[in-house]
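Undergrad: Read off the chains here:
Number of protein chains: 2
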Amino acid sequence: MAQVSNHLVIMAGGVGSRFWPMSTVDRPKQFIDILGIGRTLLQLTYERFKGICPPENVWVVTNKKYADIVREQLPDIPQGNILLEPCRRNTAPCIAYVSWHIKAKDPKANIVVTPSDHIVTDTDEFRRIISSCLKFTAETDAIVTLGMNATRPETGYGYIQADLSTASPRNKEIYRIDSFREKPDLQTAKEYISHKNYFWNAGIFIWSVSTIVNAFRIYNPAISKIFESMLDIYGTPEEQAMIDQKYPECENISVDYAIMEKAEEIFVCPADFGWSDLGTWTSLMIQTKHDLYGNTAIGDNIHFYDSHNCIVHTTQEKKVVVQGLDGYIVAEKDNALLVCKLSEEQRIRQFAEEN
Amino acid sequence: MAQVSNHLVIMAGGVGSRFWPMSTVDRPKQFIDILGIGRTLLQLTYERFKGICPPENVWVVTNKKYADIVREQLPDIPQGNILLEPCRRNTAPCIAYVSWHIKAKDPKANIVVTPSDHIVTDTDEFRRIISSCLKFTAETDAIVTLGMNATRPETGYGYIQADLSTASPRNKEIYRIDSFREKPDLQTAKEYISHKNYFWNAGIFIWSVSTIVNAFRIYNPAISKIFESMLDIYGTPEEQAMIDQKYPECENISVDYAIMEKAEEIFVCPADFGWSDLGTWTSLMIQTKHDLYGNTAIGDNIHFYDSHNCIVHTTQEKKVVVQGLDGYIVAEKDNALLVCKLSEEQRIRQFAEEN
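In order, the protein sequences belong to chains A and B. Residue numbering for the first sequence follows the working numbering, starting at 185 and increasing by one per position. Residue numbering for the second sequence follows the working numbering, starting at 185 and increasing by one per position.
Because the hints were derived from the structure by calculation, they are not lab data.
You can't tell identical chains apart in this list, so a pair holds if it fits in one copy or across any two.
The calculated lysine to aspartate or glutamate pairs, modelled on EDC-like cross-linking and capped at a C-alpha distance of 20 Å, are:
| # | residue 1 | residue 2 |
| --- | --- | --- |
| 1 | K409 | E423 |
| 2 | K430 | D416 |
| 3 | K525 | D510 |
| 4 | K502 | E538 |
| 5 | K502 | D518 |
None of the values given here were measured: they were computed from a predicted structure.
Can you make the complete structure from the sequences, with help from the hints?
TA: Next up, the structure:
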């Protein structure tokens, strides 16, 4: 067995505005202490992988404008490990860029790719699963994705259909994937979860750098050609200028569409470690502590009267009194304040943009 | 007729917490731009009297801790005209103090006394009425109070019962008072306003300095004795130290109880100049502009969706989005935020104090 080392890639370029005003384009969700625990989601993501790989093998791909925030929040990783996209092109170009960059430095790298804005409650189980998958990809050409235990008929996630009859002889908890399914309607989601072989796609991938680079060469030659053309510049002072010039030429496409749905040697590792993508206020409420009346307070000085099923999020030093609300979001940050029914939270993006 | 000059006394020592978090003990309502028009209620009060008396005849009585705020908000009046109470003792001691102080300087002074936290919409009519009353008290020993046109069966105000058959020969719009009535229940209030001779007591008084000092001597000798004992120190550097020592000895009593309800030569001037004491959020809503759905926005960047009959008050630079609320107060200032049903606004004081 060749000597391989593990690398972690954190994708931190998102600009979600569903949590406005808590998250904004200037400081998106991954850079915020969304749970009110003194650590941002990016920092929690980094810490979750401690022991999996050393800081010098941690890579963050983000938008240029977030470079300073990442440096500030992750001071332990080398500055050169923060790769900067000049524009947003979805996950395929992002993963291609960091893969070619890592390959130039460490052709035997074994990689786990993760979003930066999800949470995991059972970190021990998470590390066990990730280590198990990394061991598998170090020995094979497999593309592995994690499949989250689907506990409810969620219509906001894509699903992975596993072939549970095909456990790999090398790893009994990794299975071949039958198909990827797009976000379903409620009826379909209910059908999925009535089976045991449908899992949520969490966007966490494990592969060796040669496997993913080869997959790009086969399934998306256009993107592959762009990064192949810059072989001489990865890790040199010219890299950023070149990337600024070439990156915008990449197709705007997710890695799921570009690679996963087309690839052959593709596997899923079912996992159950208390995961949430924190995609909505409702999902945030599920992950946080409630009082007896179903209220969630994120902030140190929040007081509810005659209120139920509300979530209040504010900066630590703010005193908030909420009286007579049922099922509302109250969120306050810097120069903005939102009061909105939880049932209308899909309109928050619109509120943030319109005004 | 003796040469008299007009003086204005603004009582600015209140600490109302009904408008928390907009108003606080550190900066009560009178020092706040409650209407969002770029002027505090104290400044509006001062401006309302322009032309009635010169700045050197304007007196402000306030608590010691608000001295700097008053100086900052009313830079035109002499510093020596800001009289400082070392503690709160209601309106009778406050009025006695400023009256004895003014009398030492100008024994012929003719005085109008006003709260600092009310509003008046028809300033021309207000000035006409005040001037008319000042002319009356310059020529008589009358104690005059203004009676506000009672437009609804308000249970939050005291009422003045006038004897409308007794218009003064000197001034046809000033009448003798039959009785003062405490804040009534709703049934009684309805009865009052079914008559034409009941008016709201706005706490605005007009009298000559000798009249009010004599009234104190007759009706509250205890308070009178305290201020009479300091005749040598008014206007001297010793005044504040002496007041700090003696003022706390005064009875805690309103001028209505101490003087008005006992005095003989007591008159009311009915008035209709768009007055409000802004005592509640509801009364503030009545005085401010609404949108088509009954919403009041005080602040420059406030946006309502699916909301009705709400009032939002915030600092000018805050962006606020309110969705799906009917009949709520949303108020935000510095380190505090309140969301509360308008119908529960009497509990705001409790919310402010409890937490």
